[in-house]
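**Student:** The chain contents come next:
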Amino acid sequence: MSVLLQLALTFGMLSVLAVGGGTAVLPEMQNVLALRFGLDRLEFVHIYSMGQLSPGPNMLMVVIFGYKIEGFLGAAVVLLSFLLPSSVLCLSVGRLWHRIGERPWRRAVQNALEPIAIGLMCSGVYAVAQGAVNGFLSAALALTTLAIIMLTRINTMLLILGAGIVGGGLMYVFGWR
Amino acid sequence: MNQPPTPPMRPPSDVALPVPHKPVPNIRSIFLEFLLIGLVSFGGGIMAYERRLLLEKRKWLSNDEFMAILAMGQTMPGLNSVNLAMLSGDRIRGLAGAVAAVIGLISPGVCFVLAAAVAYSQGADYPLANVLLAGVSAGATGLIASVTLRIGLPHFKRVKSVPVILATFVCMSFFKLSLVTVLLIMVPIGLWLHRPIPRESEMGLEKKE
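Each protein sequence line maps, in turn, to chains V and B. Each residue of the first sequence is one higher than the last, beginning at 205 in this note's numbering. Each residue of the second sequence is one higher than the last, beginning at 2 in this note's numbering.
Pulled out of the complex, with its shape left as it was, chain V reads as follows (with noise of 0.2 Å):
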C-alpha cells in the first residue's frame, strides 16, 4: 500500500511539474525513481526508450516503470497519477482562460518557461545518454541517429528500430559496446 502511495505521490508531483511536457521532467524521474526505488540508469534508458517505440504520447512508457515496481495496479496508479494532476490544471485554467481572454502575462509565462523546459530537456539528454551511450558504438549510433533525424524527414520509430536491429546486431556479433 505504502509503496503504491508513495509511485502516486512522486508520479503527481512529475506531472505538475512537467513544464514544457513530458520530456523536462526526465532527469528528476531518473532520480527519484534510482533514490526511492532502487530502479538503476540502465533499466531506466530500457524502458524509456520502449516508449520511443509505441504510438501516442511517447512519456506513456511510465506505466512501465508502474508495472515494474508493483504490478498491474502499479501500472494503473502511476498512469492516473502522471495525467489526471496536470490534466485538472490544465482544463481549469484553459475554461479560466477562454473567459478571461489572452492577456499580456500568458505570453510572458509562455516564454518565461520555455528556455527552463529547453534546460531540463539537456538534462534530460545528458540522463539518458549516460545510461545509454557505454562506448564507441552506441556513440556512433546515437549521433548517426540525430544526424539523420536532423538532415530527413524518416519516421523515427522505424529509424530507431534500426538502430536496435544493426546496433544490436554489431554488439551480439562482435560484442562491441
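Calculated from the structure, these hints are not laboratory results. Because the structure is a prediction, the values reported are computed rather than measured. In this text, a Cβ means the ideal position worked out from N, Cα and C, and glycines have one as well. You may find that some hints are simply not true.
[What the hints assert, rightly or not] Reference excerpt, derived from the structure (chain V facing chain B, CB under 10 Å, subset only):
{"hint": "1", "residue": "Leu243"}
{"hint": "2", "residue": "Glu247"}
{"hint": "3", "residue": "Gly255"}
{"hint": "4", "residue": "Val266"}
{"hint": "5", "residue": "Tyr271"}
{"hint": "6", "residue": "Glu318"}
{"hint": "7", "residue": "Ala331"}
{"hint": "8", "residue": "Leu345"}
{"hint": "9", "residue": "Ile358"}
{"hint": "10", "residue": "Gly366"}
Go by the hints and put chain B onto chain V.
**Tutor:** Chain B alone, transformed into the frame defined by chain V:
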C-alpha cells in the same frame, strides 16, 4: 471502451457551445478520431495529426481557437499532445468531449506499453533482447537530442534564453538539485526577464513589431 450509445438527436440542454448552425459532434466520433491518432502516431508527430483532424478533416475548431488551445496546452504542465486533445475536446463537447479525446488518444499506447512491460519483466535475461534494447537506447538518445535541438535552436541564439538554459542544465545535472528547487529558482528569474512591457513603452516600440 464501453461508450454509452449516443442519442440520435442531441438534447438541447447538452450543448457546450451555443453555435446554432454548426452540428455538434457526438462523443463517439470525438473518441474514435482521437483513437485513430493514438493508433497510427508511431514515432511522434501527434500534434500535427491533431491539427489536421481539428482544422482540416473535421473542422471542429477555427484556426484562432486552435492556436489559443495550442499555446495554453504548451504553457501548462503535462504532456502537450494530451493537453491539446483535452482542451479541444472540452471546447467541442465540454468535459465529456475532453475525457473522450484523452482516453481515445492514450488507450492504444497504454495497451502497447503494458504489453512491453510484461515482456520486459520476463525477458530481461535474454542476451539478444538486451543488445536490441541497447541499440534502441542509443538511437533514442539521438532522438531526444534532436528534439531538444529542434526546439532549442531558436533559443540558443537569444541573449535572454542562453543563460537560463545553461543555469537550468547545470543546476539539474551537475548540482543535482531537485526539480522543485530548480523551478523555484528559475521561474521567477524567467518571469522577470519576460515580464510584459507596460503599455506606454509598448507604444514607443510599435514600429519594430
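**Student:** Could you work out which of the previously given hints the structure breaks and list their numbers from low to high?
**Tutor:** Result: hint 1 breaks, nothing else.
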